Every structure is written in C-alpha cells, then in structure tokens.
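Peer 1: If you want the building blocks of each chain, they are given just below.
2 protein chains.
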Amino acid sequence: MYGAIEAGGTKFVCAIGNENLEIIEQVSFPTTTPKGKWRNYNFLDTLKSYFNVPIALTTDVNAAAYGEYVKGYEKKISNIVYFTIGTGIGGGGILNGELIEGFSHPEMGHMKVVPHPKDSYKGNCPFHGNCLEGMAAGPAIEKRNGVKGQDLSEEDSFWEIEAYYIAQCMYNTTLMLSPDVIVLGGGVMQQDHLVKKVRNQFKHMLKEYVQIPKINHYIVTPKLGQRSGIIGGLALAEKALYNARESIH
Amino acid sequence: MYGAIEAGGTKFVCAIGNENLEIIEQVSFPTTTPKGKWRNYNFLDTLKSYFNVPIALTTDVNAAAYGEYVKGYEKKISNIVYFTIGTGIGGGGILNGELIEGFSHPEMGHMKVVPHPKDSYKGNCPFHGNCLEGMAAGPAIEKRNGVKGQDLSEEDSFWEIEAYYIAQCMYNTTLMLSPDVIVLGGGVMQQDHLVKKVRNQFKHMLKEYVQIPKINHYIVTPKLGQRSGIIGGLALAEKALYNARESIH
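Residue numbers (the UniProt record's numbering), protein chains in the order written: chain A, 1 to 249; chain B, 1 to 249.
Certain hints may be false.
Stated by the list, open to error - Heads up, simulated DMTMM-like pairs for lysine to aspartate or glutamate below, C-alpha to C-alpha not over 20 angstroms straight-line:
| no. | chain 1 | residue 1 | chain 2 | residue 2 |
| --- | --- | --- | --- | --- |
| 1 | B | Lys76 | A | Glu101 |
| 2 | A | Lys76 | B | Glu101 |
| 3 | A | Lys203 | A | Asp192 |
| 4 | A | Lys214 | B | Glu74 |
| 5 | A | Lys75 | B | Glu101 |
It is worth saying that the hints were derived from the structure and are not from the lab. Being a predicted model, the structure only gives us computed values, none of them experimental.
Using the sequences and the hints given, assemble the complete structure.
Peer 2: Structure representation (structure tokens):
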C-alpha cells in the first residue's frame, strides 16, 4: 500500500492506495491555518520521524504531471507538461520518465507574456506584475471583471483575452519541450469552453511552424480529473520504494 | 577515433577526434550550394551507405549544448541549455544527461517576447513576426540600425533593447528548466559587452523570484569558443558507439 498527502492552500487531501495506484481510502480537511504559516516547515523530516518508509516530496504540479503520466494514458507517453490555472499558475513536467528539475523546481507559471492589444490590465503578480500568473490566474480574472471566472458568461469577450495568455504558455512550452501532451488543470480550466479557445489561439500563433500531435490530444484537460495530484503522489511513493530497493541491490 | 560534420549555411566543418574528444584534424569548406537545397536531403542514410559505424544526427544547437556539457566544465554538470544568437536563434539542451527532445527538436529561438517600450520594430520572422528570432537575430539588428551588429558601437543604446529580448529568453528558460548553466553562443554574442547587459536585465526581470546560481557562472559564453558544435559532434559519436555496444551486450 502507498500513502499520499496533497497539501494545498485550501485543503489537505490524504489518501491510501493499492499496488495498482487505485485509491482505497481518502480524507480531506480544511487547511485553516494560513498557507503562509507552513513556510519553512520541515515536512519531509517530520514525516520521516513518524514513518520508516521511502518518501518523496515535490510540488503540486509535478505530482499532478506524474499522476497523468503514469495513470492518465493507456498507451505509454514519454513527455508531459501539466499546468494548473487557478489561484496561481504553476507548471511541472516529465521528460523521458524523469521530473523536470534543475537547480530548482520549475516556476513556469511566471513566464513572460505579451499583453493582449485590448487588455489594459497591468497584472497583479507581486514579483513580476504582468507575467502569466499576474495576467491570467483566477484573481487577475476577478480583478478585471468584478466577478470570479465561474460567474462570467461563456460568451464574455474576456475569455478570448484569457485564452490568449494561456495559448502563449502552450506556444512557449511547445517550442521549448515539444512534449507528447500538455495538460491544463486547475479551477479556471473547469470552464469547458476555455480549452477550445486556447487550442484555437495556440494554432493561430504557431503558424504550423512545428508539426504538433493532433490538437485535441495535445492540449487537454486532466484525464484523472481532480485526482491527478493525489494519484501522482501514490505513483511517486511507488517510485520512491522502487528506487530504495534498487539502491539496496 | 571519432568523426563529426557540422553542416552550416555558410560552411561545413569536418573533424576527426581521438578518444579524449580532442580534434586531430579539421577541414572546412564553404557550403556554396544554397542552404535551402539541402532540404529533405537524406544525410543519415547517405552517410550510412559509406560508413558501417554508429552515427548520430541532431541540430547544431543540440550538438553545441552537448559539447559544452561534456567538455566545457571540469566539474560535471547535469543540465545545460545552449542558445545561438546569430543569423537565426536556436536553442538546445541537456537534462539529466539526455538531449531535450520530444515529438520534435526544440525551437526555442521562436519563443514569444514582450516588445521593448522604445522599440517600434515589428520583427522579421517569416512565421511569427515578432518572436525572439524576429526581434533579436542578426538580420533584425541590421534592419533597425542600417549596419550589422559588429559595426555598431558598444555604447549604442540599441544594445539595451537587444539585451532586453535575450534576457526574456534567459528568464523563461530559467523558470521552465532551471538548468545549471545557460550558454549564449553565435555571432551576435561575440560582442563582449552584450552578455553583461543580458545578465543585468535578466536579474532585473527575475526579481530574485528563484535563487539562481552565481550569475557570472550561470549566463555564460561558450567555454569551447566556436568549437562547441564540432566537439559536441565528436562526443555524440562517442555516445552513439557506447549505445551500440550496450545494445549488443
């Protein structure tokens, strides 16, 4: 059996899964204590002091990317990038079976974006102002429109502006990593119409400069729905166990 | 002994190297036949029909990245991205020892960039107009200034505009891949002052959002000078031989 904890700003999800990475039991509880108070908390060593088992620790989007990678597709894929577009924007990915990690985990959500000609919003990222997160995350949608994205009509012209920013992210990701699939998760993407708008704008930007996989199989929403992260956590636990056994032999 | 061919638009460089990847002999000759006429030429199968040895084929920037990765640093690095800023702009990289390759080789040179507030140039990329290559490659420099970059004074204010675009590329690359080092090669980067301007603008953009390695060791010019590509070719030949032997055992 494997265990996984998905620690979010709103809630913690804890699950136990079997050897097929199927969830056997799951509980969630509100985080309550402000998210900021977890800063610098030594999660890993605390867990290690309670459980004498191999443990892996990574970002939410890395876990979600890994979940989609391991359990989202019947046919094995080699490369995947997962973005969450919600309260913030984050990205994580797998290349040739390994998480994309250099001197740091990726911070893809803060990439540069070209302002939409009809958008005068200056962005609300406290670090970079008008980076992708500053322009396209949930709070930036609400700031411009006075209502949350979920309360904005599907026909509202703002969605083309939103799609324009996300499409730039798809474009840069394609040219940098050319993954087999790019997954768009998170609260904002629960607007069904949005992924189609993103695909259209992305194709318009790319100008067929590189030959991408079929668009409906290339830019997609999560196959595992909202469980990508927690199932990814179980899959990472399995990998940690495998690595620990390998290092013994 | 290993052999390498670097096929460029201006010249072909051919080299033979020893087991330490040191060049024993090298010749180069002008390409003459227009670059475009090589399109769809089956380089790999033609070589295979002459030489019964393992052969690897990749892009110029992938080879240069691999050369810098294998021979550029005394202390082993895990991740590297190499950009050439010249007639065009291209990028290639190594993550955990493997070339970054998905459904395609990367086309990082065509990433989106935010126009500089003082730059009214619309860009000359035939595909994307004002992408990085369309704004910052050699021909775009010449178009704006009436002279080639090499004939433009170090004090010319244009260089800050040029650095602004390249810095955006460094910024996006950092947030997507966080490599140990980013190498800036190609003709335009032979302006010694430019890499410093890029570093300064990059730091200004990043706002210390992620903690990067020391800047002078992070954004660098090629350690192997203009030989990164051809030495990378020799290193890829060594790797092809190694892989071929592994697959026999």
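Peer 1: Tell me the hint numbers this structure goes against, listed in increasing order.
Peer 2: 4
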